[in-house]
Structures are given as structure tokens and as C-alpha cells.
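Student: Single-letter residue listing:
2 protein chains.
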Amino acid sequence: MSTEATTKVFTHQTEPFRWEEIPLLAYKEEGTHFHKITRQVLFEGGDKLGCQWRYFEISEGGHSTLEKHDHIHSVMILRGRGEALVGDEVRAIGTMDLVYVPSMTWHQFRANCNDYLGFLCLVNCDRDRPIRPTDEDLRDLRRNPKVADFIRT
Amino acid sequence: MSTEATTKVFTHQTEPFRWEEIPLLAYKEEGTHFHKITRQVLFEGGDKLGCQWRYFEISEGGHSTLEKHDHIHSVMILRGRGEALVGDEVRAIGTMDLVYVPSMTWHQFRANCNDYLGFLCLVNCDRDRPIRPTDEDLRDLRRNPKVADFIRT
Chain V
134 MSTEATTKVF
144 THQTEPFRWE
154 EIPLLAYKEE
164 GTHFHKITRQ
174 VLFEGGDKLG
184 CQWRYFEISE
194 GGHSTLEKHD
204 HIHSVMILRG
214 RGEALVGDEV
224 RAIGTMDLVY
234 VPSMTWHQFR
244 ANCNDYLGFL
254 CLVNCDRDRP
264 IRPTDEDLRD
274 LRRNPKVADF
284 IRT
Chain H
134 MSTEATTKVF
144 THQTEPFRWE
154 EIPLLAYKEE
164 GTHFHKITRQ
174 VLFEGGDKLG
184 CQWRYFEISE
194 GGHSTLEKHD
204 HIHSVMILRG
214 RGEALVGDEV
224 RAIGTMDLVY
234 VPSMTWHQFR
244 ANCNDYLGFL
254 CLVNCDRDRP
264 IRPTDEDLRD
274 LRRNPKVADF
284 IRT
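Residue numbers (this note's numbering), protein chains in the order written: chain V, 134 to 286; chain H, 134 to 286.
Check the hints yourself; a few may be wrong.
When chains are identical, the list treats them as one kind, so a pair holds in a single copy or across two.
Unchecked claim - Subject to a maximum C-alpha distance of 25 angstroms in a straight line, what follows is the list of computed DSS-like cross-link-like pairs (lysine-lysine):
| # | residue 1 | residue 2 |
| --- | --- | --- |
| 1 | Lys181 | Lys169 |
| 2 | Lys279 | Lys141 |
| 3 | Lys169 | Lys201 |
| 4 | Lys141 | Lys181 |
Just so you know, these hints were derived from the structure itself, not from any lab.
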């Protein structure tokens, strides 16, 4: 488990959706299965808080990875709008909407509405690694035309 | 630990800072040590997510309870502005600012800037009960004039 990086008590916003001393990070270390997305860790979590609280921001035309995992996501859209796939449902989402991603459920976020899609995302500090779809998973997912049209791999 | 009440995948905002099927609750069951503050539980948390994610909203002139506890708070201001005491520091806070409340640290939020003060607040699902200040604690706190002027009991 990570040490508690955020022990600074007050952290002010410096410009919209950017905060003092919180670095703008790559979404993931490597890969071509995501596009135009950044990550900021607002609260690292640790011994006395079991969750890490992050802010992800997708620029217009970008997307997060299509993936699933045992751990759960709790999400609040903070900036702009877009669409999300959760399970087999694609839904338009905008600022302040909430998204709950259950365990082992395919999900992907896209900034496909001529705007940013920025969202807060909560996860357990101690969590499993995401699983990406196999060719067979993709064949299954694409049986639903709306899902087939939405997903980016 | 609570069962997972929020298993609904998509929850849209219905009006500013209010959400579909999420009840507007009293801040606490009883007491006179808080004023003009409401609570909404955005994500209950449970087995696979160790934290509960709440939205508290203080109307103009209101305040949260002055308290401390072993568990940690991670806070993001979502609406309006006000001031917060954490430890012995009183700081002006506004939308998108972050506040980290360490373990066993006195804290209080006040909507004392002619505006709402609405904030997201993250806690472990499994947590201890808050402690309110004794008369002796209050004497100690009031040694700092800025704190003395700020706190509401």
C-alpha cells in the first residue's frame, strides 16, 4: 500500500481542474488502448483511508481503456460531457452525474461530445490489475450493435 | 459494514447538487452542535469499496460539528465557498479546493462567506465515532485568537 503522499492539509485549485503540487500524470505507463487522457491523484489514501481518489481528464476525441476488474469504481463527472459504457449500456453523461462500475464489468469512457470529459474516480488502494478484452470478449461485446459502435480498442 | 445501496449504474443530477433517488438527509441524527447542513450519500461503499462517498451542503450561516476522530477525511469543495478549521489553521476555501483532515485533528467547516459551502467528503466505511471537545479542549483551542473567533459549538 502506498504511503500517504497527500498530508498537506489545504490544496487549492490553481487553474480549472489543476491543483497546487499535484502533478499531471500519464493515464497509464504505456499502451495504445487509451487516447488523450491524463491522471491526477488528489488523495493517495493509505493506512487510515482505504481508497485512492483520482481525477481523470479526457480531451475531445479521447477515451479510457476498455477493461474490467474485480475492484469497483465510483465515479462523478466533474467537467464537460461524453458517453460511458458500463456492462452493455452506453449512456450520455455530463457534469455531476454519477457512475457506479460494478466488479468484473466492462467499461469505457469517451469524450465524444465536442467537450472534455473529466471525472473523479474512487478505487480501493489495494486492488487487482485491470483485464483487457480478448478477441473472443470483443466478439461477444460486438454482438450488441450500440456497444460495437462505441468501443475503442 | 453497510450493504451496497448504490448499485444503480448511472445516477444523473436532477437539479444542481441533487441526484436521482439519492435522499437529502439530516447531517446527523440529533444535536445542536451543527447548523444548516444536509447530507447525501452518493456511494455507500461496501465489501469491494472500502470508502463511503458523501456530499454535505452547508447553507449560508451554517456550520458542521467541531470534532475529531481517528479516521481521516478527504474533502473536495464542490459548491460555493467558506472557511475551514483544520488543527489550528483557519483557511478560506472555495470550489474545487481540497482539504485533508488528518487523524485526531479538530476540524469544522463554516459557510460564512455569503454563499453555500458544499463539499464531497470521503471516509472509510468502517470508522470510529467522532469526539466533541470537552470544556478543557475548548479552553485549549481558544488560546489561539483566530481559532477562538472561528469555532461554533
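Student: With reference to the structure, classify each hint as holding or not holding.
Tutor: Structure-based check of each hint:
Taking the closest pair of Cα atoms, lysine 181 and lysine 169 never come within 25 angstroms of each other, the shortest separation being 33 angstroms inside a single copy and 29 angstroms across copies. Proximity of lysine 279 and lysine 141 under a CA criterion of 25 angstroms is satisfied inter-copy only: 20 angstroms between copies versus 45 angstroms inside one chain copy. With identical chains, the CA atoms of lysine 169 and lysine 201 are at most 25 angstroms apart within one copy only, with a shortest distance of 20 angstroms there and 41 angstroms across copies. With identical chains, the CA atoms of lysine 141 and lysine 181 are at most 25 angstroms apart within one copy only, with a shortest distance of 15 angstroms there and 28 angstroms across copies.
Of the numbered hints stated above, the single one contradicted by the structure is hint 1.
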